[in-house]
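Protein chains: 2
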Amino acid sequence: VEITREFGASRADLFRAYTEPDLVSRWMGPRQYSLEIREYDVRAGGSWAFVNRASDGTEYAFRGVFHSVTPGEQIVQTFEFLGAPGHVSLESATFEDRDEGSRVVIRSAYQSVADRDAILEAGMADGVTEGFEKMDAVLEELRR
Amino acid sequence: VEITREFGASRADLFRAYTEPDLVSRWMGPRQYSLEIREYDVRAGGSWAFVNRASDGTEYAFRGVFHSVTPGEQIVQTFEFLGAPGHVSLESATFEDRDEGSRVVIRSAYQSVADRDAILEAGMADGVTEGFEKMDAVLEELRR
Numbered sequence: 001v002e003i004t005r006e007f008g009a010s011r012a013d014l015f016r017a018y019t020e021p022d023l024v025s026r027w028m029g030p031r032q033y034s035l036e037i038r039e040y041d042v043r044a045g046g047s048w049a050f051v052n053r054a055s056d057g058t059e060y061a062f063r064g065v066f067h068s069v070t071p072g073e074q075i076v077q078t079f080e081f082l083g084a085p086g087h088v089s090l091e092s093a094t095f096e097d098r099d100e101g102s103r104v105v106i107r108s109a110y111q112s113v114a115d116r117d118a119i120l121e122a123g124m125a126d127g128v129t130e131g132f133e134k135m136d137a138v139l140e141e142l143r144r
Numbered sequence: 001v002e003i004t005r006e007f008g009a010s011r012a013d014l015f016r017a018y019t020e021p022d023l024v025s026r027w028m029g030p031r032q033y034s035l036e037i038r039e040y041d042v043r044a045g046g047s048w049a050f051v052n053r054a055s056d057g058t059e060y061a062f063r064g065v066f067h068s069v070t071p072g073e074q075i076v077q078t079f080e081f082l083g084a085p086g087h088v089s090l091e092s093a094t095f096e097d098r099d100e101g102s103r104v105v106i107r108s109a110y111q112s113v114a115d116r117d118a119i120l121e122a123g124m125a126d127g128v129t130e131g132f133e134k135m136d137a138v139l140e141e142l143r144r
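Here the protein sequences line up with chains A and B, keeping their order.
Under the numbering used here, the first residue of the first sequence is numbered 1, with each subsequent residue one higher.
Under the numbering used here, the first residue of the second sequence is numbered 1, with each subsequent residue one higher.
Derived from the structure by calculation, the hints contain no laboratory data.
Predicted model, so just to flag it, every value in this text is computed and none were measured.
Even glycine gets a Cβ: it sits at the ideal position worked out from N, Cα and C.
You may find that some hints are simply not true.
Said to hold, decoys possible - Have a look at the derived ranges for each label pair, beta carbon to beta carbon:
no., chain 1, residue 1, chain 2, residue 2, range
1, B, M124, A, L120, 46 to 56 Å
2, A, L142, B, A125, 46 to 56 Å
3, A, G86, B, S10, 43 to 53 Å
4, A, S10, B, E20, 40 to 50 Å
What the hints assert, rightly or not - Short, incomplete list of chain B residues facing chain A, as computed with Cβ under 8 Å:
no., residue
5, G45
6, S47
7, A49
8, L90
9, Q111
Turn these sequences into a full structure, and let the hints steer you where they fit.
Structure representation (structure tokens):
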């Protein structure tokens, strides 16, 4: 799965929004969940973990490790939903300049076609789209 | 890419050969290279790094991180050849009992079909086959 999203903000601000836990917690994931970051150690070998919480208290936990972090350029990390343990994906986010702002290209590689289809059916596209809309607001604040 | 290999040894010994650096250095990779392990921290979030060295001194370096380690059952890790930086794969090794011994099932997921084809053309199958032949000898020693 490949996703490209363009932003009006600079690549430096986009990278900040991706890597500073206080900023990440304000945009990542679907609107109907709050996001609690438990660990976000953005360096090669660092771990990350967060929980999405629905208004009825239901929790969805995710975790992974960072394979590599190239400041301002690229992050490669693993991703696992602990509700379906053992189904791990590899995610890269590559940050690029454009004439007016920047873009991120996300590539997700799954261990099977079934894993990929399960994530898509779980509403990955909506979650990502909503997350990036929230990120627009975070980036607007950083620009001020 | 999925690879299955059967061994006469117990699953416990197979897992040892996969996780103890002194044993790993004796079997992993093609016969024509020596293997120097620089880091092998087998736990979720741990890093690994090794160098294959040809007889003419040429070095091929590899690194990655462990996403999860379930003793005796499964290892999930990232894999990167530093000669082609940025081309990362996700590798899982699942260990299973069988009537006489054990088996490992390896699944490798690449970020693109081109990445997968490049690894196959580089001789991945021969390297894995030769490595497992060396591992047979290591496992024979563990059994004594």
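Status of the hints after comparison with the structure:
For B/M124 paired with A/L120, a C-beta distance near 29 Å fails the hint of 46 to 56 Å. The hint said 46 to 56 Å for the Cβ distance between A/L142 and B/A125, and at roughly 49 Å that hint holds. In this structure the supplied range 43 to 53 Å is violated for A/G86 paired with B/S10, their Cβ-Cβ distance being about 23 Å. Evaluation of the 40 to 50 Å hint for A/S10 and B/E20 yields a pass: the beta carbon distance comes to about 48 Å.
Contact between B/G45 and chain A, as hinted, is supported at the beta carbon level, the nearest pair being about 4 Å apart and thus within 8 Å. Checking B/S47 against chain A: minimum C-beta separation of about 4 Å stays under 8 Å; hint holds. With a cut of 8 Å, the hint placing B/A49 at the interface with chain A is violated, because the nearest CB-to-CB distance is about 10 Å. Given hint, B/L90 at the interface with chain A, holds; its Cβ is 4 Å from that chain's nearest Cβ, closer than 8 Å.
The closest approach between the C-beta of B/Q111 and any C-beta of chain A is roughly 5 Å, which is under the 8 Å cut-off, so the hint is satisfied.
Of the hints listed earlier, those the structure fails to meet are numbers 1, 3, 7, in rising order.
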